[in-house]
Amino acid sequence: AQSVTQLGSHVSVSEGALVLLRCNYSSSVPPYLFWYVQYPNQGLQLLLKYTSAATLVKGINGFEAEFKKSETSFHLTKPSAHMSDAAEYFCAVSGSGGSNYKLTFGKGTLLTVNP
Amino acid sequence: NAGVTQTPKFQVLKTGQSMTLQCAQDMNHNSMYWYRQDPGMGLRLIYYSASEGTTDKGEVPNGYNVSRLNKREFSLRLESAAPSQTSVYFCASSIQSLNQPQHFGDGTRLSIL
Chain F
739 AQSVTQLGSH VSVSEGALVL LRCNYSSSVP PYLFWYVQYP NQGLQLLLKY
789 TSAATLVKGI NGFEAEFKKS ETSFHLTKPS AHMSDAAEYF CAVSGSGGSN
839 YKLTFGKGTL LTVNP
Chain W
323 NAGVTQTPKF QVLKTGQSMT LQCAQDMNHN SMYWYRQDPG MGLRLIYYSA
373 SEGTTDKGEV PNGYNVSRLN KREFSLRLES AAPSQTSVYF CASSIQSLNQ
423 PQHFGDGTRL SIL
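For the record, the sequence lines run as chains F and W.
For the first sequence, the numbering used here gives the first residue as 739, with consecutive numbering after it.
For the second sequence, the numbering used here gives the first residue as 323, with consecutive numbering after it.
Honestly, the hints are just simulated from the structure, not real lab data.
Built from N, CA and C at the ideal position, the CB exists for glycine as well.
Hints are not guaranteed to be accurate.
On the chain F side, residues computed to face chain W include the following (Cβ under 8 Å) [to be verified]:
1) Arg760
2) Pro817
3) Met821
4) Ala824
5) Gly846
Result set (BS3-like, lysine-lysine): computed pairs, CA atoms no more than 25 Å apart in a straight line [claimed, not checked]:
6) F:Lys845 / W:Lys336
7) F:Lys845 / W:Lys331
8) F:Lys787 / F:Lys807
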């Protein structure tokens, strides 16, 4: 079975500061990993995905994530936070084999950006 | 570009009432999903349809039924609504492949009194 743990349900940063959102996964097969963002009263939008082509993945809005197999991690970073980054972020994993195309989501991290 | 469209956006029901949440996608995706989102719980899969003509239970299927009407449409039905089903419901669709992302609708906010 696969699972995702997001450390920190709430992260608060100042505008211009580094954003680091943590995600650790558990999977019995090589995983496919995704980060999604959810703005208030909206659905989830894909930020980036890891599909084994490169360990450092660049996404939209200046976000990137690094896949570290030895640490089973896929942390999301952005060098300089902007007010518009305030949202909830979800890490998700797929790839448990067979015909199972389901995603397993973490519980989410709410990012607050202070002026 | 419509993507995934969910109707209605908001609904208030009384305990015991029934209703159907509608979802349609225009991306020619094979797979469709229904999730519920509750505070601090992330997204939990209710039912999914890997391809037209098939449906399977997810993590929290009790109290729900689904119909994959055709390739575009996947509906979720609450036969006898309970307060515990108060939630935000999201529909998603994807290409039938492990490395393809799911595309989400804007959700239906359902309150059951």
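Here's how the hints hold up against the structure:
1. Arg760: Where the cut-off is 8 Å and the nearest Cβ of chain W is about 15 Å from Arg760 of chain F, the hint is violated.
2. Pro817: Hint on Pro817 of chain F: violated, closest Cβ of chain W at ~24 Å, above 8 Å.
3. Met821: violated (22 Å)
4. Ala824: violated (17 Å)
5. Gly846: For Gly846 of chain F, the interface hint holds, since the closest Cβ of chain W sits about 5 Å away, which is under 8 Å.
6. F:Lys845 / W:Lys336: Violated, at about 29 Å.
7. F:Lys845 / W:Lys331: holds (23 Å)
8. F:Lys787 / F:Lys807: With a Cα-Cα distance of about 15 Å, the restraint between Lys787 of chain F and Lys807 of chain F holds, given a limit of 25 Å.
Hint compliance for this structure: hints 1, 2, 3, 4 and 6 are broken, all remaining hints hold.
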